[in-house]
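> Given these sequences and hints, build the entire structure.
Chain by chain, the residues run as shown.
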Amino acid sequence: MTIKAVRLDMDRLIDDRRTRIIVCCGSGGVGKTTAAAAIGLRAAERGRQACVLTVDPARRLAQSMGLTSLDNTPRQVDGVEAGSGGSLHAMMLDMKRTFDEIVEAHADPDRAAQILANPFYQSLSSSFAGTQEYMAMEKLGQLRHADEWDLIVVDTPPSRSALDFLDAPQRLGRFLDGRLIRLLTVPAKAGMSYMKVLNAGFAMMTGALTKILGAQVLKDAQTFVTAFDTMFGGFRERAEATYRLLQTPGTAFLVVAAPEPDALREASYFVERLDAERMPLAGLILNRVHTSPASRLSAARSLAAAETLETQDGPNGKGATGPRYAIAAAALRMHAERMHLSKRERRLAEHFTSAHPAIPIVQVDAQPEDVHDLDGLRVIGTILSRQGS
Amino acid sequence: MTTRDTDWDGVRLHVVTGKGGTGKTTVAAAMALALASAGRKVLLIEVEGRQGIARLFDCPPLPYQERKVAIGLAPQNAQGAGQGGDVYALAVDPEGALLDYLEMFYNLRRTGKALTRLGVVDFATTIAPGLSDVLVTGKATEAARRRVDRRDDSHVYHAVVMDAPPTGRISRFLNVSTEVSGLAKMGPIKTHADTVGRVIRSPQTAVHFVTTLEEMPVQETLDGIAELRELTGDAIRPGGVFINMARPAMLDRADLAAAASGSLDVTELALGLKAAGISDNHGLAADLATELREHALQVALQDRERAELQASGRPRYELPMIPEGIDLASLYQLAATLREQGAA
Numbered sequence: 042m043t044i045k046a047v048r049l050d051m052d053r054l055i056d057d058r059r060t061r062i063i064v065c066c067g068s069g070g071v072g073k074t075t076a077a078a079a080i081g082l083r084a085a086e087r088g089r090q091a092c093v094l095t096v097d098p099a100r101r102l103a104q105s106m107g108l109t110s111l112d113n114t115p116r117q118v119d120g121v122e123a124g125s126g127g128s129l130h131a132m133m134l135d136m137k138r139t140f141d142e143i144v145e146a147h148a149d150p151d152r153a154a155q156i157l158a159n160p161f162y163q164s165l166s167s168s169f170a171g172t173q174e175y176m177a178m179e180k181l182g183q184l185r186h187a188d189e190w191d192l193i194v195v196d197t198p199p200s201r202s203a204l205d206f207l208d209a210p211q212r213l214g215r216f217l218d219g220r221l222i223r224l225l226t227v228p229a230k231a232g233m234s235y236m237k238v239l240n241a242g243f244a245m246m247t248g249a250l251t252k253i254l255g256a257q258v259l260k261d262a263q264t265f266v267t268a269f270d271t272m273f274g275g276f277r278e279r280a281e282a283t284y285r286l287l288q289t290p291g292t293a294f295l296v297v298a299a300p301e302p303d304a305l306r307e308a309s310y311f312v313e314r315l316d317a318e319r320m321p322l323a324g325l326i327l328n329r330v331h332t333s334p335a336s337r338l339s340a341a342r343s344l345a346a347a348e349t350l351e352t353q354d355g356p357n358g359k360g361a362t363g364p365r366y367a368i369a370a371a372a373l374r375m376h377a378e379r380m381h382l383s384k385r386e387r388r389l390a391e392h393f394t395s396a397h398p399a400i401p402i403v404q405v406d407a408q409p410e411d412v413h414d415l416d417g418l419r420v421i422g423t424i425l426s427r428q429g430s
Numbered sequence: 005m006t007t008r009d010t011d012w013d014g015v016r017l018h019v020v021t022g023k024g025g026t027g028k029t030t031v032a033a034a035m036a037l038a039l040a041s042a043g044r045k046v047l048l049i050e051v052e053g054r055q056g057i058a059r060l061f062d063c064p065p066l067p068y069q070e071r072k073v074a075i076g077l078a079p080q081n082a083q084g085a086g087q088g089g090d091v092y093a094l095a096v097d098p099e100g101a102l103l104d105y106l107e108m109f110y111n112l113r114r115t116g117k118a119l120t121r122l123g124v125v126d127f128a129t130t131i132a133p134g135l136s137d138v139l140v141t142g143k144a145t146e147a148a149r150r151r152v153d154r155r156d157d158s159h160v161y162h163a164v165v166m167d168a169p170p171t172g173r174i175s176r177f178l179n180v181s182t183e184v185s186g187l188a189k190m191g192p193i194k195t196h197a198d199t200v201g202r203v204i205r206s207p208q209t210a211v212h213f214v215t216t217l218e219e220m221p222v223q224e225t226l227d228g229i230a231e232l233r234e235l236t237g238d239a240i241r242p243g244g245v246f247i248n249m250a251r252p253a254m255l256d257r258a259d260l261a262a263a264a265s266g267s268l269d270v271t272e273l274a275l276g277l278k279a280a281g282i283s284d285n286h287g288l289a290a291d292l293a294t295e296l297r298e299h300a301l302q303v304a305l306q307d308r309e310r311a312e313l314q315a316s317g318r319p320r321y322e323l324p325m326i327p328e329g330i331d332l333a334s335l336y337q338l339a340a341t342l343r344e345q346g347a348a
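Chains as they are written, first to last, in the numbering used here: chain A, 42 to 430; chain B, 5 to 348.
Calculated from the structure, these hints are not laboratory results.
Here a beta-carbon is modelled for each residue, glycine too, at the ideal position from N, C-alpha and C.
Among the clues, some could well be false.
[Claimed, not checked] Label pairs and their computed distance ranges (CB to CB): (1) B:P207 with A:V330: 40 to 48 Å; (2) B:D256 with A:R100: 32 to 40 Å; (3) B:S265 with A:D406: 18 to 26 Å; (4) B:D153 with A:P398: 32 to 40 Å; (5) B:Y68 with A:R388: 46 to 54 Å; (6) A:R100 with B:G346: 30 to 38 Å; (7) A:D57 with B:R149: 54 to 62 Å; (8) B:P65 with A:D151: 45 to 53 Å.
Put into structure tokens, the structure is as follows:
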């Protein structure tokens, strides 16, 4: 007894003018970037003014979309069939540049220079853990605000967990509200020395911090936090605004997963989380699925047939080179393996649909070769929009 | 002694990285099993809080504590199967590593707990990820160098295998002393980072790259190796390239070429099916020919990617795709394959 999943209607989603943001999320290595690019291209060729915001595209895919220069602004993609009046822009997120631009836009020149030169700022703005998520969120907010495109397709950063993208603003908030931040900013704000302001307990803490980190590190951290303090508020406000934007009906989340236990587990977490946050989930893209055009021949029968052929005599009688039907035997063996794989993947997908029966799904077959041009993206786009099963 | 030469004799810390979805945790676990032969203790470390090791070894979530999760792969010798060693596992998180660090170097565990409550760890991971990386890698290098006791200077662990962050992040993750020296020019954390950096930059450490034979993971592997060399001035050594989930060719070269170009004799295939007692209903032979064609294209793609990887000049190991999925039995099978190929 299998639960039949609802089919995701991709064309309806991208043709609906009310859809303004599509977020492709999922764990690393499941094909988020390709899915986002394929959806953007299809939407553009169906008349939308689409913009794809990608984080980490494969080199050849990036080249095919003209994403060779990193200037942190969307560029028009050539080769898009514009017959229906649509267009496609694409950009690759430059994390550090996005961060620098925020600093420059929200602090006076002196203070901006001070922040940009601070070692903590440099470490934070060029590191990957977390910062990429804030910046992707920030850039999404900017693009949406610019209102030059009627559909923005975002590909989330390749973080360890798909949830990181959603957690970034909260983490920032928690960080800003943290007692440590207040502790670090107290002396600068009050213009007094530690000892006057802080009780003995806090003094012990700073003592310990100095011991662990060294006095200079603590001082740099303080300078950074103080300099950043005025900006942090606006930063958080914008992150929260983008977060709320993601909760509006104009946003559609697409969870991308490969039929692997880890990826589907991650997808499940994400689906539950989106539900808890009241974020609009459009469906699941189950990518890289192995199917067979000859599924009427079961793995067991195929394997048995291969064994039959392999034990038969060769064309020149007993002991001659290989069985008479070597290619057929190989084909049957390979088919049996493919059916095994396909069955395992189906089981895994069924786990997901049993737990989340209402979530629409679209399957994309594993492609024999990688996608690295617009034609390849079009093929994926067509598969994503295929009707019926 | 029955020690065999492996490609990584003398390496005590194996750092395993790879693009997401390539099976980095699986390969790290198989490597740990393969290294843990007769009487040897191996520690498998996870750093990203995913509890992937616990799932692989089918045990409860790992705490911040080294515990035994499996018996190593038994060595094969003239007398038959020997005894396997022990695989221990540990899930390192920055918070636990900070407490460890404070206790070990300053005897400040209680203060550490207070600092944790105050949000120091949250602070460090948010504002300066380099600081939490140094704590995490510090734990791995400490385990790799740990001695039995003062009188017995043999190592507690024969080797430590780290399931490290993905390829895109690995160079920065390992380049701790440089990352931290931007923040701390002197002081204890700098000293600690330098100590950790020395171990990572010594011949005792190798950074292995896990990839599948697909374009993006291969490109990332080559980029990762180049970046490691560039960023660390050749100081951190790239180890081996572990090709995971490779699919063996089912046909010989000539037949593969025919299958790829679609010139395979479908009638011959149909005759074969008939000889095996399967009727060629609704063009079954043609459908199987389609499958063979896809297989041939995939084999060709794999060959291209293999050639690309060869350019890296790193030793390569190849692990097969396990169609049934990874379980404990297949982990041992992969471990045996790694040992046969000299990786452990």
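> Each hint should be assessed against the structure and marked as holding or not.
Results for each hint:
| no. | hint | in the structure |
| --- | --- | --- |
| 1 | B:P207 with A:V330: 40 to 48 Å | holds (44 Å) |
| 2 | B:D256 with A:R100: 32 to 40 Å | holds (33 Å) |
| 3 | B:S265 with A:D406: 18 to 26 Å | holds (22 Å) |
| 4 | B:D153 with A:P398: 32 to 40 Å | violated (58 Å) |
| 5 | B:Y68 with A:R388: 46 to 54 Å | violated (34 Å) |
| 6 | A:R100 with B:G346: 30 to 38 Å | holds (32 Å) |
| 7 | A:D57 with B:R149: 54 to 62 Å | holds (60 Å) |
| 8 | B:P65 with A:D151: 45 to 53 Å | holds (50 Å) |
Violation of the numbered hints given earlier is confined to hints 4, 5; the remaining hints are satisfied by the structure.
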